[in-house]
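K.L.:
Residue-level listing of the chains:
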Amino acid sequence: MTDKEDQATRFAREAFASTEKMLKATQLFAKTRDDEISVGVTPKKLVTRRDKVELFHYEPLTERKVSTPVLVAYGLVGRYTMADLQPDRSLVRSLLNKGLDLWLIDWGQPGRNERWLTIDDYVDDYIDAAVDRIRKETGRDRVSLLGICEGGVFTTCYAALYPEKVRNLVITITPIDFHADVNDKAAHHGFINLWTRSLDPADIDKLVETYGVLPGEFMSSVFSMMTPMRSLTKYNVDLIDVIDDEDKFMNFLRMEKWLADRPHHPGEAAKQWLKELYQDNRLIDGSFELSGRKVDLKSITAPVLNVFALDDHIIPPDCSRALGTKVGSSDYTEIPLPGGHVGLFVSSKSQGKLSQSIADWLAARD
Amino acid sequence: MTDKPPTDKATAPIGDWTGLWRSMVDTSRLMTQAWTGSVAPFMLGRASERAGEVNDLSAAIERMTQGPQLADVWDFDRKLALAFAAWIDMRTRLANFNAIASAPWSEASRRFADSMAKTKLADSGPPDWRKLFAKWAEISNEELIKNQRTDGFLEAQKELLHAALEYRSRQNDISDAISTLFDLPSRRDLDEITRQLTELRREVRALRREKGQAQP
Chain A
1 MTDKEDQATR FAREAFASTE KMLKATQLFA KTRDDEISVG VTPKKLVTRR DKVELFHYEP
61 LTERKVSTPV LVAYGLVGRY TMADLQPDRS LVRSLLNKGL DLWLIDWGQP GRNERWLTID
121 DYVDDYIDAA VDRIRKETGR DRVSLLGICE GGVFTTCYAA LYPEKVRNLV ITITPIDFHA
181 DVNDKAAHHG FINLWTRSLD PADIDKLVET YGVLPGEFMS SVFSMMTPMR SLTKYNVDLI
241 DVIDDEDKFM NFLRMEKWLA DRPHHPGEAA KQWLKELYQD NRLIDGSFEL SGRKVDLKSI
301 TAPVLNVFAL DDHIIPPDCS RALGTKVGSS DYTEIPLPGG HVGLFVSSKS QGKLSQSIAD
361 WLAARD
Chain B
367 MTDKPPTDKA TAPIGDWTGL WRSMVDTSRL MTQAWTGSVA PFMLGRASER AGEVNDLSAA
427 IERMTQGPQL ADVWDFDRKL ALAFAAWIDM RTRLANFNAI ASAPWSEASR RFADSMAKTK
487 LADSGPPDWR KLFAKWAEIS NEELIKNQRT DGFLEAQKEL LHAALEYRSR QNDISDAIST
547 LFDLPSRRDL DEITRQLTEL RREVRALRRE KGQAQP
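Those protein sequences? They're chains A and B, same order as listed.
Its first residue numbered 1, the first sequence is counted upward by one per residue in our numbering.
Its first residue numbered 367, the second sequence is counted upward by one per residue in our numbering.
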């Protein structure tokens, strides 16, 4: 057989194998039912519900080793289930296994009815009410806060406005300086910062006026645009790599389920998020106001742990790192971890490091 | 209109309105079909070749609808025409955006071809297609991201957003008019109710704070 024939044979064999895998992927999709793909399943008890906001208490998985309760707050751009995607990739489950007392505030699925809710309402009302309820239930004076992404901004604001109720503040992948992306040399980092600054404030007003919300689908399309080739190949070529491994395939579907579950962002809160923070960068310069009070980062006196991902394309690391020079607390720790925005929570590599770092840090300040 | 409902003196106006409404919907549907199926694609195709310019057809409809408002006629038709003009404008902006968004593919192809030309074949023959695909994807990703950060891309995207929001806003005007016609609350009415409710909640929260009561 000549070289050319060898190459042709090899090409034909590879093409056939890939086609076979694509066929297998189609069959797997056809036989998998959505209710077989579960996310956010770590057992928890509903404590209270008001409007669409629910406060949950996670059931302990081991003996309690850290007595101060920890309230987990995700943002409004996605769902908390990213922190509890599957049993072996769950920040929540890992922390419970390390003896933490975990509580969760879930914003539910805001829609047009929540159009007028502002960040003031989320911080001054819902988070404050949740903190008071936890204090009442546990008999503790103070609560530790664990904020994720936009939820990290909410908890940071809360810690600045209500320092007397906060024992520790842990923030993960949280933007503090919304313009620090300009220092980031990686071209794939910080497109949302750039895109938001390219809009006129009136564009954002018109978007909210028209839809009543910042539509979840709209934000999903912006996120997809940030990883253009992955968005084009994840349902075809990339599937070839996961189709022979059922665990990998189910991991892929769980991630898809989380991505699909993107709620609408309440309209007025979205205006604050995009105009006052992303465009005007008011949190870092101390001019951001909630319920008539300026959020002064120097007022944060609780110990602070700031965890960010070094290859975070959505929140560039410098945007998070900026808190270090602004916070009032003398006990400030930064933990940069390898990985991306979502990978920090769901990749098998970072899982252990993230939960261990948080648990150790909280245990030392209980 | 052949399926006019049975009428008596009390229900005749409702029947007439229903008939009129159905007639308007049918006419609108037929107009839309005619435009989207034949003339519009051709005209929009030409319009997209003049990227960045204001579409003449859209501008003409806009001018037509900016005429004097009449008390009893034309208002609903005006709303339909405005939505149609906005749709045309959005399609034009979309074509402009697509032209800019797809520009990096040719540069990606050129870079990929260069990369392949420099690759020396190993003893085992050419690399498998997955490696080639991965290289192509890596180059394309770089080019697409580089393009996204250009002023031209951001401007085209902003203009598309403007046009899409204008179209949606005019659709909302139509749905509000329909709601009013059938005595149903419109989106604006519901927005107003939720605004009042949210403000009421804030007042209750402030009162609770004044009295030293915890939030529920």
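Accuracy of the hints is not assured; some may be wrong.
[Claimed, not checked] Heads up, simulated DSS-like pairs for lysine-lysine below, C-alpha to C-alpha not over 30 Å straight-line: (1) B/524 - A/349; (2) A/21 - A/349; (3) B/524 - A/206.
By construction, these hints were calculated from the structure, which means they are not laboratory data.
The structure presented is a predicted model; accordingly, all values stated were derived computationally and were not measured.
K.L.:
Out of the numbered hints, which ones does the structure contradict?
P.N.:
1
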